[in-house]
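Trainee: Construct the complete structure from the given sequences, taking the supplied hints into account.
Top line first, the protein sequences correspond to chains G and P.
Our numbering numbers the first residue of the first sequence as 1 and each following residue consecutively.
Our numbering numbers the first residue of the second sequence as 1 and each following residue consecutively.
Just so you know, not all the hints are guaranteed correct.
To be verified - Short, incomplete list of chain G residues facing chain P, as computed with Cβ under 10 angstroms: (1) 160; (2) 164; (3) 165; (4) 167; (5) 250; (6) 254.
To be verified - Sample of chain G residues at the chain P side, in silico, Cβ under 7 angstroms: (7) 163; (8) 175; (9) 256.
Simulated from the structure, these hints should not be mistaken for lab results.
Computed from a predicted structure; not experimentally measured.
A virtual CB, placed ideally from N, CA and C, is assigned to each residue, including glycine.
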Amino acid sequence: MSAGRTGNRLTRGALPWLLPAAALLGWQLAVSLQWLSTAILPSPLEVGQATWELARSGELWQHILASSRRAALGFVIGAGIGFALGLLNGLSRRAETLLDTSVQMIRNVPHLAMIPLVIIWFGIDDAGKVFLVVLGVFFPVYVNTLHGIKSVDPGLIEMGRSYGLGKVRLFLDVIFPGALPSIFVGVRYALGFMWLTLIVSETIATTNGIGYMAMNAREFMRLDVVVLGILIYAVLGKLADTIARLLERRTLAWHPGYHPS
Amino acid sequence: MPAQHSAPHPRAGAALSLRGIGKRYGGLSVLHELALDIAPGSFVAVIGRSGCGKSTLLRLIAGLERPDHGEIRIDGVPQRQLSGDVRVMFQDSRLLPWRRVIDNVRLGLPASAAAHAAEVLAQVGLAQRARDWPRVLSGGQKQRVALARALVHDPRLLLLDEPLGALDALTRIEMHRLIERLWLERGFTAVLVTHDVAEAVALADRVILLENGAPAMDLAIDLPRPRRRDAAFARLEQRILARLLGTEAAAPEPAQADAKVRKLA
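Mentor: Shown next as structure tokens:
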């Protein structure tokens, strides 16, 4: 009985990795058997080798650090502004009337369309990339914070008021926790936009970062490094999402959608 | 009047007085020139059909809304805002889903009140559910938590807005007993809004039937407590029901309705 259950747990733990492992194996086989030319796709082993070399020389970490710095800085600023403005407009009708239309208008400009302008403004400096990330991250956080606050049950707010909660306590005890699930949705969207923006902006004009590493490798036909760059983006994206999900599970333990099973 | 128990609460019930209360929503007059006095420590049930204005009346007394006309006094003091002496139990429990049961009970209280909150939670029989999330509670348990949350403030006036409407019959009877016991122990004034005549007769000293925004019947319920559903109970219930249903059979002309009110006043 218990052995069966343990086996069950093992299968359940391994199951999600079955397809990726099979794909990896198939990829290696396809290259080894020369179904696929290494001029189109390097084998996983070659990518692994390139990873090892770059990691040993320290180059890899330098690029990852540069990209992560941009991502984190842009996210903190963009999400911070989005959250603050979402709060302001969610809590004050007057602010919403004044600001929301303008924000929605700017939202309809695809932020990546601003790249030529950003290059002129900031050059190929870090500031330009961070600015683009800020733009990409701002809107999902803003929209979902605003929506979260607007959708807090008015009955709970009325109850809180009638039970003597002041403005600050009402916000901390009722409005913010009620808006939190929606804010998390915004944060997870924002993380996706964060990497996307970074990928695009780093391939256009940079002197370091993962995007630069990949573009530079293309010039020398180092396909293994190009693939490595793509994989690092995937890993970093997954990592950010996992952190957000863990945070979500911790803070939303009360929520029927998140109970520990 | 509530019986005095061994550990009487120092805060007695509040006296409530309403004069010339009027409230309109859009073009619709919900309450009109309503006057009402409620004695301290009494248990009053306000009944009526949907839309008769009974919930609006309760919201005005609670201070959740302001009347267009008239004045509400609690212990002779005009009520201007939400008062700490008044607590409301809502139709839905309105527990915060992100706070555990005990933290819902002590909402708005300092950390030092934790022991008191636990004590009141025990009084409604849910001490062992203190650390649970509200979502795992049944409807009746949720309303008991809501009752504890109201009573932890030692209100002098407790307003109950059809709090048992969504519960099954058995749970409802249990809740009647619980509410009655706590009311007897604590001596607050209670105003219950309900559309359930049996509930009104089971709990209240006085039943007020609201019709077209004004009291159409005002009946003292002089049965011993705890109330048993005997012949006297049934007679009172029947009388009120007949009055309620009678108005349905022949919808009264507005003039007729006014005449009834005047007779009462």
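Trainee: Let's test the interface hint: is any C-beta of chain P closer than 10 angstroms to that of residue 167 of chain G?
Mentor: Violated. Min distance 13 angstroms.
Trainee: Would you settle whether the hint for residue 254 of chain G is holds or violated, based on the nearest Cβ-Cβ distance to chain P being less than 10 angstroms?
Mentor: holds (4 angstroms)
Trainee: Minimum Cβ distance from residue 164 of chain G to chain P below 10 angstroms?
Mentor: Since chain P brings a Cβ to about 5 angstroms from residue 164 of chain G, closer than 10 angstroms, the hint holds.
Trainee: Residue 160 of chain G was flagged as interface toward chain P. Is the shortest Cβ-Cβ separation under 10 angstroms?
Mentor: holds (7 angstroms)
Trainee: Against chain P, run the beta carbon of residue 165 of chain G and see if the smallest gap drops under 10 angstroms.
Mentor: At about 5 angstroms, which falls below the 10 angstroms cut-off, the nearest Cβ of chain P leaves the hint on residue 165 of chain G intact, so it holds.
Trainee: Would you check whether residue 163 of chain G satisfies its interface hint, that is, whether its CB is within less than 7 angstroms of any CB in chain P?
Mentor: holds (5 angstroms)
Trainee: Are residue 175 of chain G and chain P close enough, Cβ to Cβ, to be under 7 angstroms, as the hint says?
Mentor: Violated: closest Cβ of chain P sits about 11 angstroms from residue 175 of chain G, beyond 7 angstroms.
Trainee: Tell me if the interface restraint on residue 250 of chain G is satisfied: Cβ within less than 10 angstroms of some Cβ in chain P.
Mentor: The hint is violated - residue 250 of chain G has no Cβ within 10 angstroms of chain P, the shortest such distance being about 12 angstroms.
Trainee: Using Cβ atoms only, decide whether residue 256 of chain G comes closer than 7 angstroms to chain P, and label the hint accordingly.
Mentor: holds (6 angstroms)
Hint violations for this structure: numbers 4, 5, 8, all remaining hints satisfied.
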